[in-house]
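*Asks:* Okay, here's what each chain looks like letter by letter:
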Amino acid sequence: MLLNRLRIYLSSVIVLLLLSNCDKDVSVSPDEPQPFTGKIIVNSEPAGFSIYLNNKNSGYKTPDSLIFMDPGNYQITLKKKYFRDTSVVIYLDENQEMLLNIDLLKNNAMYGSLNIFSVPAGAAIYINDSLTQKVTPYTFSHLLPGEYNIKLTYPQFRSISFDVSVTSSQTSSYSKSLQDTSLWVDYQVSNSGLTSNILSSIAVDNFGNKWIGSMDKGLIKYDDVEFVNYNTANSGIPGNRVLTVEVDQFNIVWVGTQNGIGRFDGTNWTVYNTSNSALRSNEIFTIKVDQQNTLWVGASTGLYKFDSNLWSVFNDSSLSIWANDIELDNGNIWIATNDGAVRFNNGEFQYYVQSVYNYPTKIISSVAKDMTGNIWFCHKNSGLLRNGVSYFNGSQFTNIFTGSASNSINHISVDMFNSKWISTNEGLVNISSNNSMVIYNRSNSFISSDLISSSAIDKNGVLWVTNSYNGLNKFKFNSN
Amino acid sequence: MKYLRIIILLNIVLSFSGCDDSFNPYTDFKEKYSLVSILRSDTTLQIAAITKNYLVENNNGSTHKLLFEKNADIRIWHGDSVYKLRDTILASDDGLDSIQYYYTQQFSILTGKKIEIEALLSNGKRLKGISETPAKTEFKNTSEVIIPPIGKDVVQIYWIPPGIQNFYKARLKMKCEFVENGINKIFYKELPVSISVSEGKQYAVFPKASRDNYVVYDLDAINWYLHALSDSLSEPGKFSIHQNLVLELLTFDVELSRYISISSSSIDNFSVRFDDGDYSNITGGLGIFGSQIKTNYLKLKFIESYIRSFKFNFIFDLK
Numbered sequence: 001m002l003l004n005r006l007r008i009y010l011s012s013v014i015v016l017l018l019l020s021n022c023d024k025d026v027s028v029s030p031d032e033p034q035p036f037t038g039k040i041i042v043n044s045e046p047a048g049f050s051i052y053l054n055n056k057n058s059g060y061k062t063p064d065s066l067i068f069m070d071p072g073n074y075q076i077t078l079k080k081k082y083f084r085d086t087s088v089v090i091y092l093d094e095n096q097e098m099l100l101n102i103d104l105l106k107n108n109a110m111y112g113s114l115n116i117f118s119v120p121a122g123a124a125i126y127i128n129d130s131l132t133q134k135v136t137p138y139t140f141s142h143l144l145p146g147e148y149n150i151k152l153t154y155p156q157f158r159s160i161s162f163d164v165s166v167t168s169s170q171t172s173s174y175s176k177s178l179q180d181t182s183l184w185v186d187y188q189v190s191n192s193g194l195t196s197n198i199l200s201s202i203a204v205d206n207f208g209n210k211w212i213g214s215m216d217k218g219l220i221k222y223d224d225v226e227f228v229n230y231n232t233a234n235s236g237i238p239g240n241r242v243l244t245v246e247v248d249q250f251n252i253v254w255v256g257t258q259n260g261i262g263r264f265d266g267t268n269w270t271v272y273n274t275s276n277s278a279l280r281s282n283e284i285f286t287i288k289v290d291q292q293n294t295l296w297v298g299a300s301t302g303l304y305k306f307d308s309n310l311w312s313v314f315n316d317s318s319l320s321i322w323a324n325d326i327e328l329d330n331g332n333i334w335i336a337t338n339d340g341a342v343r344f345n346n347g348e349f350q351y352y353v354q355s356v357y358n359y360p361t362k363i364i365s366s367v368a369k370d371m372t373g374n375i376w377f378c379h380k381n382s383g384l385l386r387n388g389v390s391y392f393n394g395s396q397f398t399n400i401f402t403g404s405a406s407n408s409i410n411h412i413s414v415d416m417f418n419s420k421w422i423s424t425n426e427g428l429v430n431i432s433s434n435n436s437m438v439i440y441n442r443s444n445s446f447i448s449s450d451l452i453s454s455s456a457i458d459k460n461g462v463l464w465v466t467n468s469y470n471g472l473n474k475f476k477f478n479s480n
Numbered sequence: 001m002k003y004l005r006i007i008i009l010l011n012i013v014l015s016f017s018g019c020d021d022s023f024n025p026y027t028d029f030k031e032k033y034s035l036v037s038i039l040r041s042d043t044t045l046q047i048a049a050i051t052k053n054y055l056v057e058n059n060n061g062s063t064h065k066l067l068f069e070k071n072a073d074i075r076i077w078h079g080d081s082v083y084k085l086r087d088t089i090l091a092s093d094d095g096l097d098s099i100q101y102y103y104t105q106q107f108s109i110l111t112g113k114k115i116e117i118e119a120l121l122s123n124g125k126r127l128k129g130i131s132e133t134p135a136k137t138e139f140k141n142t143s144e145v146i147i148p149p150i151g152k153d154v155v156q157i158y159w160i161p162p163g164i165q166n167f168y169k170a171r172l173k174m175k176c177e178f179v180e181n182g183i184n185k186i187f188y189k190e191l192p193v194s195i196s197v198s199e200g201k202q203y204a205v206f207p208k209a210s211r212d213n214y215v216v217y218d219l220d221a222i223n224w225y226l227h228a229l230s231d232s233l234s235e236p237g238k239f240s241i242h243q244n245l246v247l248e249l250l251t252f253d254v255e256l257s258r259y260i261s262i263s264s265s266s267i268d269n270f271s272v273r274f275d276d277g278d279y280s281n282i283t284g285g286l287g288i289f290g291s292q293i294k295t296n297y298l299k300l301k302f303i304e305s306y307i308r309s310f311k312f313n314f315i316f317d318l319k
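Protein chains in written order, with the working numbering: chain A, 1 to 480; chain B, 1 to 319.
If you are wondering where the hints come from, they were derived from the structure by calculation, not from laboratory data. All C-beta atoms, glycine included, are put in the ideal place defined by N, C-alpha and C. Fair warning: there could be bad hints in the mix.
Said to hold, decoys possible - Only pairs whose alpha carbons sit at most 25 Å apart, straight line, appear in this in silico BS3-like list of lysine-lysine: (1) B:70 <-> A:39; (2) B:128 <-> A:61; (3) A:80 <-> B:114; (4) B:208 <-> A:61; (5) B:114 <-> A:79; (6) B:84 <-> A:79; (7) B:113 <-> A:79; (8) A:80 <-> B:113.
To be verified - One side of the interface only, derived from the structure: several residues of chain A facing chain B at Cβ under 8 Å: (9) 35; (10) 37; (11) 57; (12) 68.
To be verified - Here are a few chain B residues that sit away from chain A, every Cβ distance over 12 Å (derived from the structure): (13) 185; (14) 223; (15) 240.
The shape of chain A in the complex, shown without the other chains:
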C-alpha cells in the first residue's frame, strides 16, 4: 500500500518537474538575427552626386558609403541637377565590402553644349569671368553640365552678364541684345551702382567727377568708375532731398537741400542753415560761386551772399524775391523768380516785367548766360500763359516755344558750342547757336525718359542728364 502511494507521488513529481522545465522555452522569443555588415563605397568623378538605392534617394552624396547592407541585388543610381542619371546594378555578397568608382567624365553623353548669340554679333565671350577668345555667335561643346556666368562685351556697347545652364546631351541656346552706348548711356539703380533714380541736379568738378543731387538719397558722386553715395546716414550732409549742386573753382561741393546748405571739401561737411547763418529758410533752390569765391544763394526768402564768413541778405520790400535760379554775369546777378526776370546789381533789384517785355510767363525756373552774352530763361505755365524759353539780348526778349502747352521747362545749360540744353517734361531740347531745335525723347533716342530735371557738360563735351525718375544719362552728342 505504502509502495503504491510512493509510486504515485514519485510519478507526480516527475511530471511536475518535466512541466516546470518547459517554462523557459515558452517564454523566449526567437533571437534577432545580427545585421549583415555589407558595405558599398560609392565614389564618383566629379563628386557630389545624390546616391539613389533601388530608385530611392538615400540622402547620401558621393563619395560616401552605404553600410550594414543585406546581401542581394542593388541598383545604384547617381543623380545631379543638369547631369544624366547613371545607374549600375550590383550583387552584394554576404558581408562583402564593394567599392564603386564611377567616372562620369568618361561618358561623352554626360557633356552638354552652349550656343551664344548676340546682337550685334562679334561680342567677346567670357565664361565665369575668363575671356574665352571666342566671339558671338559661338557654340561651346563638351561642357560639364551646370550653371555658368556669361559676359558679353563689345566696343561702344554696354557689356551684359547673365547666368546660363548646361544640361547633359543638350544644346542650350541664349541670345542677347547689347545696348548701344556709342551715343547714349543710361545709368539706373538696376544696372549700375547708382543709388537713386530720382534725380534733381548735377554739377561736374575740375577732375571730371559728376556730383548728382537726388531727391531721396542725398548726393551721389560718379568718377566714371563707381558711384559713391553721401546721405544723412553716412555723412554730414544736412538732408537727403538735394535740390541743387554746385562745385566751385577749388572743387568744393555745395549742395542745397531742404535742410540748409552743405559744404563738402572731400572729407568734411559744414552745414549752414537758419540756426547758424543769415538764412531765413532752409529750403535752398540754387547756389552759385563767383570767381572771387563769393557764394550766392537763392531761396524762397530771397538772395543771399556769403563772403569771407559774412552773410548778407538781399530782398525787395515791395516784392518778395523767390529765387529759383541765379546766373552770374560779371557784376550782375540774374535771378529767375516767380515774379519774372530780375537783375541784381550793387544791392539794387531791377525787374523785367513780363507784361512789358512779353516773355512767355513770369514763373521762371532757370536762367543761364550763353557765350554771346544773351541771358536765357526757362518759363513755366502761369495762368493762361504757356511755358517756353526766352533770351534777353540786353534790350529785348525773344521767345521760343517747345513741346506742348502743358510742358514744363525745368532747367537750362549751355555747352562750349553755345548750344542750349533745355530740360523739359517732354524730353531734352537742344537749341543750337543758330537757334535750330532738336528734341531728344524716348521715341527718337536712348534717353531714359521724357521727364528731364537738369543737365551739365563735362570738359570732354559730354552731356550728363538727370531724369526726374529714371536715373542718369550720358549723351556723347559730340562723338561724331
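With the hints as your guide, set chain B onto chain A.
*Replies:* For chain B alone, kept in the frame of chain A given last:
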C-alpha cells in the same frame, strides 16, 4: 525506508533544481530599441528620439531603464526629399536635467505626402517607419462664426474629415492683452469645452483627441471660464480680449490615430507618450512614427457686448 530515502533525496534535488531561471522575468530580456518621431506642419523643427531598454541592478532587483541611443543615422523622407537629422542635448538652465534628441530644421510637412523614417544604429540595426501625412482638413460653412451664437447655447465647429481613420484634437484660443509693470503682454488662453464637477468644485474640461469631425463648446463653460477669469482680476477693465478667436485643429495621420486609439494616450502639440506595450509601427524595434497637420479656423469672433458683460476691455481686429 529505502523508498523514503529516495523521496527525500529527490525533494532536495527538486528544491535546488527548480525553475528559478525560467520564472525570472529578466533572464530572457533582450535589448529593445524604440524610435519616436511625430512630424508637424506648423514648424520646420522636426525631432526624433531613439531609446534603448536596458537592465539596472539595484537594491530592489532589476528594472528596465531607457537610454538615449547616440550615433544613429536618422533620415526622413518627405515626398521626394530626404533630410538627415542631427543629435543634440537640450539642458535645463541649472544643468541638472537634460533631454537628447535628433532634429532637423529644414522642412515642415505638407498634406497628403508619403513620409518615411529610417534610423541606422551604430550596431547596424535598422528601425523603419512609414506613414502618410493627413489630407487637407477644411472647415464646414455650417460652423459657428460668433460667440455667443444666436439662439443656441453651444458653439459648434465642423470640418470635412480627410479620412475615416483620423483622430483630431481641437483647441479654441482667445487672444488677450494685459499691461503689467508697464509692459503690454499679449498671450492666448484656451477656452474649455465643458465643465466637470468634482467634490462640489467645478473644473474646466478641454477637448480630447477623438475621431469626431466636430467639436462642440458648451456656452455655459465659456461663460463660466470668462466669469472666473474676470473675478480673478482686480481690474478686469484693464484686461483686453480680442474680437477674433482661433480654433487650432490638429489632424493626426492614420498611424498616429491608431496609436491614440489603442493607447488612449493624451497627445498634444509637443509630445507623444510611448510605452512598451503600446501600438508600434516601427519595424526592427518599437515606437511610433506619424504626423500631424495643424489647421486654423479663423472665422470665430466674439461679440463686443458679450465680452464687455464680463467687464473686460474689447479690441476690434482688422478683417
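*Asks:* Indicate, hint by hint, whether the structure satisfies it.
*Replies:* So, going through the hints one by one against the coordinates:
1. B:70 <-> A:39: Judged against 25 Å, a Cα distance of about 21 Å means the pair holds.
2. B:128 <-> A:61: holds (21 Å)
3. A:80 <-> B:114: Since the Cα atoms of residue 80 of chain A and residue 114 of chain B sit roughly 23 Å apart, the hinted pair holds (cutoff 25 Å).
4. B:208 <-> A:61: Violated, at roughly 44 Å.
5. B:114 <-> A:79: holds (21 Å)
6. B:84 <-> A:79: holds (18 Å)
7. B:113 <-> A:79: holds (22 Å)
8. A:80 <-> B:113: The given pair, whose Cα atoms are some 23 Å apart, holds under the 25 Å limit.
9. 35: holds (3 Å)
10. 37: holds (6 Å)
11. 57: holds (5 Å)
12. 68: holds (4 Å)
13. 185: holds (34 Å)
14. 223: Since the minimum Cβ distance to chain A is about 53 Å, residue 223 of chain B lies beyond 12 Å and the statement holds.
15. 240: Consistent with the label, residue 240 of chain B stays out of reach of chain A, its closest Cβ about 38 Å off (over 12 Å).
When the structure is compared with the earlier hints, a violation turns up for hint 4 alone.
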